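Asker: Given chain A, work out where chain B should sit, using these hints.
There are 2 protein chains.
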Amino acid sequence: MYKLSQILGSVRQLLPDWMLRYQREWLLQDAIAGLVVTLMVVPQCLAYAVLAGLPAQLGLYASILPLLAYALLGSSMTLAIGPVAVVALMTAGTIGPLAVPGSPEYIALAVILALLSGVALFTLGVLRLGFLAQLLSEPVISGFVSGAALLILVGQLGPLMGITPHGQTAFDLGASLFEQVRDLNPATLALGGLALPLLWWARRSMAYWLERAGLRRPLAELLTRLVPLLVLTLATVAVVLLDLDHGEGVAVVGNIPEGLPVLHLELPSVANTARLLMSALVIGLMGFVVSVSIAHSLAQRRLERIDPNVELRALGVANLFSALSGAFPVAGSMSQSVANFSAGARTPLAGVVRAGITALIVVGFTAVFERVPRTALAATIIIAVLSLIDLEALRRDWKYDRADGFAWLGTALGVILLGVEAGISIGVGLTLAALLWRSSRPHIAVVGRVPGTEHFRNVARHSVETDDSILALRVDENLHFGNSVPIDERIRLEIAHHPRARHLVLELSSVIHIDGTALKMLEGLERHVRSQGLELHFAQMRGPVLDKLRGTALFEAVTATSGGAPFPSTHEAFVRLAARARAAQEASGG
Amino acid sequence: MYKLSQILGSVRQLLPDWMLRYQREWLLQDAIAGLVVTLMVVPQCLAYAVLAGLPAQLGLYASILPLLAYALLGSSMTLAIGPVAVVALMTAGTIGPLAVPGSPEYIALAVILALLSGVALFTLGVLRLGFLAQLLSEPVISGFVSGAALLILVGQLGPLMGITPHGQTAFDLGASLFEQVRDLNPATLALGGLALPLLWWARRSMAYWLERAGLRRPLAELLTRLVPLLVLTLATVAVVLLDLDHGEGVAVVGNIPEGLPVLHLELPSVANTARLLMSALVIGLMGFVVSVSIAHSLAQRRLERIDPNVELRALGVANLFSALSGAFPVAGSMSQSVANFSAGARTPLAGVVRAGITALIVVGFTAVFERVPRTALAATIIIAVLSLIDLEALRRDWKYDRADGFAWLGTALGVILLGVEAGISIGVGLTLAALLWRSSRPHIAVVGRVPGTEHFRNVARHSVETDDSILALRVDENLHFGNSVPIDERIRLEIAHHPRARHLVLELSSVIHIDGTALKMLEGLERHVRSQGLELHFAQMRGPVLDKLRGTALFEAVTATSGGAPFPSTHEAFVRLAARARAAQEASGG
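Protein chains in written order, with the working numbering: chain A, 1136 to 1725; chain B, 1136 to 1725.
Bound conformation, chain A alone:
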């Protein structure tokens, strides 16, 4: 008995928190959400597998085990993971140049990509390196998603018309499309051309009309989200009734083997690891960043908390399980998560339900997808990604911060014109360059006292009192390799402009870190200041800087005249330096 309770205790520790505090009344909500979401997203799952250049059933395989893994390990209550448009696009972009889409080699590479992506994310999570994902700033992510959406859209125009354009960039795809346009299949285009406006209308206005018809808003929105399934059903019925696939050459999904995926995993060769690792990392991180931002925004509405390092590990294992199922990289999906949230999901149990229903479909009902026309899938994808193109974000970024705007544009145009990874590299490069550029132009202000207070403010912005014999400068940036040269130059310039100054007070209230390069700069500056007949002082030095500088020769030299410590405030420096000047004057006068 003792042992059993021990074992139960250990099992309890392994269970996720939400299971331990599960309340019975959530069960129905989770079950309904799981069912509804499955019906909504099955078309998407098939479509994104096709978008990735893979057999459609892999989209279903990727929606079983990965969901269970995430339910056990994830920190979000409502994030729905599975195949995602941009990740599918990145998968196609990575493997497209290496193998023929749909071939066994291609599929094997997609599995390796999911595996490496999973290992990379899990490792980053264990090492608590989630902060690396912050390299992907808001404008880069937004620009990337918009650019990728446009790229997907252009790519889907082919299947919509029954042709197969090739290329990794919008230019190549567009040119290929233009070349083949005379080969388009009229029946396919007609079918897709009917589906497209219907889906568009449903997304734009159906909820509104349903509400006007008296439905409550959540129900109206849920019904709207089921329209893609309805359209696919209608299109499939049309194919079956009119025998469009055999008679008119309308491309359909085709035979989907029945039965659960065979679990199988082998270690990739060194060569394949080498050529896919970098892409796997980028795909994994991009999926992670998008997932966390979705999870964050949903968690905020219910005051739940998302832990990025937990998410890294959970998404890592989810991708490992996708690889184990013979499928491709997965991530958190915006549309699926919002659907999950709106359908009332309380816990990841909704995901478990969805995984179960998907497994049922795979086991016994794949035949219903056989004659789904690809043009209708293309129409679903086009409508889904249209909403991802967010030019408003560009306008807002551009207006608020030009550097953010450039990063958005650079990423989006890079993705569209040069391909997915080039776009991300450009975006990250631009963001880092902006960060460096900004910190290489530190803000330095000459400060003076606000009359009647102990506060010191920028002389250029406030009317303040100054003292000719004291030059007080406030440096508003950490001192490091990236800015020590311009800081040095600026301070020397100010010294040259204040010939009557006898004291240089550096207010370091904003400085939390001084690296070795900057320390050397300060040593040189101190020599220069002394050679000009001035004394250098530090004021308002923050604790971390003090801890680090204490014991250096510079610190000794500078604080020798202020009692072995920096002045606690610029005010204090002014008071004591002025008193010393008076005392010196009196001494020389007497």
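Quick caveat, the hints were computed from the structure, so don't treat them as lab data. Keep in mind that this is a model prediction, so the values were computed, not measured. Among these hints, one or two may not hold up.
It does not matter which identical chain is used: a pair holds within one copy or between any two.
Simulated pairs of lysine-lysine, DSBU-like, Cα-Cα distance not exceeding 35 Å [stated by the list, open to error]:
no., residue 1, residue 2
1, LYS1683, LYS1655
2, LYS1655, LYS1534
3, LYS1683, LYS1534
Answerer: Structure of chain B alone, referenced to chain A:
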């Protein structure tokens, strides 16, 4: 007459500043310095050309026109440019894998490298992008120079013994050396083995003994610097007298064609540009950074000023002229510049003199170098680069800042084990990662009032007064994509820890920039704060942030309760929020 004076005026504007204010008494000093430095550095110039895998005379060609270009365009009075050990190593590292050292194709690629390097530097200078060089932090440069010096040293052990090891990394070179060691040439090793300790002793102790013998220090140092020339002369005399080159197989410099280099420049092919451009940029930037740091340290002693963008353009044109002379990339040299400075050079005229004497040597005296043994050149290089290995810098960096120490070690080990460019990439990567890592862990302090003052300090470090209803946080870092997630998390945590707080005051005294990603974070935070029943306030917002935030919805929401503007200080926020609380209490009490 009018026209002539106009022309003279324009010519004057084109002349460098030092020519216009030239004083006659400087002439002799510059002439002597030019002569002395030429004698000192001729062996180095030959040796570095050989180190770069090129015919020895190219070292002389690279010391004529580039010096004239720098004299006209540079901003340093004493920087001596020419062939430099690390740049020669980088040249060999870049071209080595592409062509056979010494072959016409190899030389042509070296010329293209100088050309591209020049164009890149000049372009960066015109675009005022000198700040990019700040990517190379002090530890990276120091680690690079030390690693490169060790690599050069290992590479020169071959020529010292009369064998030719191959490889781009210390491992490959060492292995190759070990394999061939039985083929060493005894006469060569004997000659090099004699030269090495002599040079070592001269560098270590000769100046000391000369001083003890009664010479003045500057003279003693100058004489010491002439020892390499003396050793080379003795070694050459030994070769000639004992006929070591023909009789014993001692490798010598060989025939050097007489006459000035034929000026010739052709545009590189697109293919060559593509494969050399990146390396040219790295070589150029590394040369630039080292040059500027030398120029800075010399200029400080005479209170002169160095303009990085002027230096970029000057070094760019110097490299173009090196390419025009059929030679390889040049940069500012530490040893040559220090020699120039110590020899009393006042202006770049010393460089012009050196260029003239070098031209004379090339025209009529190349025959004297024909039988200089390569082993003696190797010995000069080994002794010269030994002083570049600066383990003390590693110790100091490691002690002061662990991240700096890692950057140093990573760069040095990268250069030694993986090659020059890999080392630099690793170093830059580590430095950027440290910068991001640091700013992703921003310092946030809960602050309280220092009793009896208007100052607010970290409650964890000072004994200060706080108010339960007001939570005041000071964020010590710009808010951007790299840190908005952890800042958000930390602030929420503090709110959770202060359940009685009704006001959250963010002191932004250290914040100079808030990017779009952080703005979004603040919007979310504001919603969260409101949902917790608190009011968000800003205090001590700096001008640039105010300018940018004004007009955003966030700013309106936050300042609605503080009169449309942030509180000027945390003190003010406390006073006014406390007054409001009292008023509210009285109102509810009455």
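Asker: For each hint, tell me whether it holds in the structure or not.
Answerer: Here's how the hints hold up against the structure:
Taking identical chains as interchangeable, the C-alpha atoms of LYS1683 and LYS1655 lie at most 35 Å apart whether they share a chain (14 Å) or sit on different chains (34 Å). With identical chains, the CA atoms of LYS1655 and LYS1534 are at most 35 Å apart between copies only, with a shortest distance of 14 Å across copies and 39 Å within one. Within a single copy, LYS1683 and LYS1534 get their C-alpha atoms only as close as 40 Å, which misses the 35 Å cut-off; across copies the closest is 10 Å, which meets it.
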